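Peer 1: For reference, the chains in residue letters:
Number of protein chains: 2
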Amino acid sequence: MIEKPAPLSVNQVSIRRGFWAERQAVNRQRTIPAIYRQLEETGRLKAWSLQRTHPIPKDRGTVYMFWDSDTGKWLESVAYSLATHPDDALQSLADELIDAVAGAQQADGYLNTYFPVLAADAKWTNLRDWHEMYNAGHLIEAAVAYSQATGKDKLLAVLSRFADHIDATFGPDDGQARGYPGHPELELALVKLYRHSGERRYLDLANYFINERGQAPHYFDIEAAERGEKREDFWAQTYRYCQAHAPIREHTEATGHAVRACYLYAGIADVALETGDAELLDVSRRLWDDLTQHQMYVTGGLGPAHSNEGFTFAYDMPTETAYAETCASIALAFWAQRMFHLDPDSRYIDVMERAIYNGSLAGLSHDGETFFYANPLASYPRVNPYSRWSGITTDEHYRRQPWFFCPCCPPNISRLIAGIGEYLYSQMGDRVYAHLYQDSTASLKVAGGAVQLEQRTDYPWRGDIDFTIRCEQPRDFELALRLPDWCAEYSLSLNGAAVDVDKQRGYLVLGRSWSDGDRVSLCLSMPVERVLPHPDIRQAAGQLALQRGPLVYCLEEADNGGRLANVAIPPAAEFSASFDDDLLGGASVIQGKALRSEANGDSPALYRYQRGAEQTPAEFEFKAVPYYLWANREPGEMRVWMRSS
Amino acid sequence: MIEKPAPLSVNQVSIRRGFWAERQAVNRQRTIPAIYRQLEETGRLKAWSLQRTHPIPKDRGTVYMFWDSDTGKWLESVAYSLATHPDDALQSLADELIDAVAGAQQADGYLNTYFPVLAADAKWTNLRDWHEMYNAGHLIEAAVAYSQATGKDKLLAVLSRFADHIDATFGPDDGQARGYPGHPELELALVKLYRHSGERRYLDLANYFINERGQAPHYFDIEAAERGEKREDFWAQTYRYCQAHAPIREHTEATGHAVRACYLYAGIADVALETGDAELLDVSRRLWDDLTQHQMYVTGGLGPAHSNEGFTFAYDMPTETAYAETCASIALAFWAQRMFHLDPDSRYIDVMERAIYNGSLAGLSHDGETFFYANPLASYPRVNPYSRWSGITTDEHYRRQPWFFCPCCPPNISRLIAGIGEYLYSQMGDRVYAHLYQDSTASLKVAGGAVQLEQRTDYPWRGDIDFTIRCEQPRDFELALRLPDWCAEYSLSLNGAAVDVDKQRGYLVLGRSWSDGDRVSLCLSMPVERVLPHPDIRQAAGQLALQRGPLVYCLEEADNGGRLANVAIPPAAEFSASFDDDLLGGASVIQGKALRSEANGDSPALYRYQRGAEQTPAEFEFKAVPYYLWANREPGEMRVWMRSS
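Going line by line, the protein sequences match chains P and W.
Its first residue numbered 1, the first sequence is counted upward by one per residue in my numbering.
Its first residue numbered 1, the second sequence is counted upward by one per residue in my numbering.
Hints were generated in silico from the structure; no laboratory data involved.
Straight-line alpha carbon distances no greater than 25 Å define the calculated DMTMM-like cross-link-like pairs of lysine to aspartate or glutamate that follow: (1) 623(W) x 536(P); (2) 593(W) x 536(P); (3) 503(P) x 602(W); (4) 123(W) x 212(W); (5) 593(W) x 614(P); (6) 4(W) x 277(W); (7) 593(P) x 614(W); (8) 623(P) x 536(W); (9) 503(W) x 602(P); (10) 593(P) x 536(W).
What you are looking at is a predicted structure, and each value in this text was computed from that prediction instead of being measured.
Construct the complete structure from the given sequences, taking the supplied hints into account.
Peer 2: Written as structure tokens, this is what we have:
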């Protein structure tokens, strides 16, 4: 019996058709190779030889300090892919890179491609900004994944040594520095390393990092003083930026850089689960409620502001300039999954699903080779969410790019897709939770024996999900099927007969002695839903969004013409959903009647006085497409929130 | 007979009661002294002794290079005030400052408090950024105004010498540099100096500056090369920022820094009027149409973006983050008045009135001692139009400030108010145009003799305007009364009998032989108007603004509670206007029924699915106040554009 709730691993879940099978194929065939090419072309692979081959610009040098994380995320994506789709050529490529990584390790275990070559004396002198620990975290995640996928432990050994070096260098003891990561990520990676290796010291180090964070005297002040700087010199102005403004147990709201925040919160949930620290569970719930009730886009996007790549204040949801970094939605999914394991309730998985299918997936093009960093909720020519325009006007639209100077998002979405199998199920003792529905076969040990769950579904396009249980002998366990928050009506049957079961914290729980061939059918009604914003979201006031199943929809100019701000959805409008085979490999679209206000004749007047009756707005048939698919056709306007007439 | 159309001067128009009399009293009693104190405290007055008394921060030094313009604008405001309200103490203070200014003049005529003291070698080496010509312009405007108001020519002599120095230094001849102002302003000042002195060379220099601007080889490139810099090093990235991207005759749209743009365009209109250059008239009309049909806020605010303090692209009108600098609305009023003289049509004055009563006047507090630089069209706690928030959240509201590091706006609004008399009338031959209605007495020479126009009105609160003509002998001239664009119905009577007269380019023209005591009564119907935005203004789609007479209104939290984004005006709503004696010295307010959507019960949900009938929005009585009066009571939300339900 498994004591603590845990996800079924990538190795346990086979995905061969359906939504995620298609996305994974593109990831294998296009995204993983494209990212490798970029790693190579930008010098990131060569950097492991510890020979400086690319000049580093003076004013943007810090980005070069976290090159290693890109290698880490690519290797992690490759590991998940190899686990489900063995590929000798790809594995050789990864092995070769792992050899290079190993070759870069210093005698004391330290591992980094920047400092030994360019600034050996500056090693560990700026944890706040210089990301050595962040790199370590991503490489550790890769090492654990690669070990699990291939059984090869070379990278794991290297990273374990690096982790030991960090553990020796930082901590509360004499001769140690009381530091912790400026960019959290290492915390959750250390818990992975602990779970994989069983070495308690890695969990203890993660626990130390979390609890030391924000304590007085402030470590970032201390290291700044050693560099001859003051707190006031901090470019981000406030430690809220990196969630180090107060000890973590005193935090009441999600603050600062959104990706840092969610990686940290995910690490806290991991540590709370492993240590049973009830206060950390309380902190986690408090931060979760704040974030999901005050600071989350309807797409699961996080962080409205470019200036701090993060949070501003409650209900602040600008649309065109939304930063909503792809990585932040991915990090939210990570955190959500961990919250479920800490506090098993579907409300976490509802958010996880929203973040994965919308805010995260929009970060990748349909062809798998270009990426969004920022994910606005409305798009107009000449408007770029990265920054308020400079007065230099072009007619350009905001489009996905093949790479970024700081390319954290491309390998992040790649590893999420490659590892999506891990988000489908969790197991807690003799209960198996099904979270995200996906055509797949899961293999697990439950109630003392091997069981397979065969799942057949066209989710997210359709709400019918059929499970067949495969087991050599009858097994007594519970199958807990998630009832998504968007679903108001459903039916459930067991071996063809309707059953009525308890809903426990958002899951339909069927407990029985299962026999081979038992069938469970869940039918989730999936109408088009009008989503209404909280009235304090001033940027969405009087507007609605359309959602069907887990997918948030948007209007694009390609289907509806431009001037989308003038489109309004009447209260009585009826919508129909249909599957459009021709839309980017096939996707459900929503159609219905909308109104469009147009210019008053040919008057060029910028403002006019309303005198007498206004022209009746023209009715037209609109077509909405899933938000994650936007900007894959000809450039044009896009809107998620539509005026409600 | 006056050949060219010209405004009646400040000296000719006496304002003793009514709207502008009140604003002028506050300006004399509070604003002029407050600005003087700031000039003194910040070292700007002492700077004229050419002794450096304040340390100059390395990274913000350029602002110190245009300190002199603040002195110039304050002296100009004082001059207008002395012209209408003599004040010995104030005049002594001004004379003392003028002595100091004169004492700072170099042997060659050069005048600047920065360069001779801090960077003598850098004189005239960066016309693009360093504002020596901009300072000269503002001081010249002050000198002309002071001469006209007081008859004292000391400052005029100083500035004429400086103008001569500039004229000798810059120009097309051998030994001259082909430079022109990076921040336009000197052009219009030189035309003022020409008109006052009759010295044609000042007009010629203005004409040269305008025509040389943007020519190849580009002067800003040449001087940059001499400083060892390249065009690409220009911090603003593009010469569109300073309207020097192309020769002026090729410009097709208003670009860049809004204040620079309108000062330049005003100078072009001046030169076009004086030279009769028909092509410059065409350019002026083209730029005017672009700006007023594509890039102007309903308040007459200009320039949506902080990044360039200026224009972005057509129909781009963000509300909360609108920059809409006070100075830009003032500069628009300057340009509009000059366009009228070039092309006498009320459409220019309609914009001038809009810019003065709304975008400009909002820049000053009711008490006259605090100022807005940026003038957003919606305001929420924590949102500051200067910059996208930094992630450092406070609950602060955007409020007027006593001063700014770059304090161009305070003395600018002060000089506009002090000199408002100049915007009331124009004269062209034997036609007298009345533009802005205001209780006043105008004294002029027309048809060979002295005439006084006594105007009695409570404009802008009421639309009744009564003129009485005073003249010793009958005089044959035309009185042209502006019919504002917001006025759909009016009546006109002459000596008590209704008259029907031609409307000529927006003016009701009454031509006759006028006798002493003749009375003209114009009654402008002044209902509450719904203003609708062009459908391409995406930020105002589905919304309306309220206007009555020339005043744009807004909702403030002080009257209506918060959450103003959830207020909607029903199509059938009726409005009433009434004068509220208690509102900040008395002002007309608008009341009517509106709907307010509120949260769905106590649910904290950020988003919800609409299932079944929605709660009917609550009806409430709203109260709108003139936009220029916002942020004078307790801090709170504000909105100009309101949702139309």
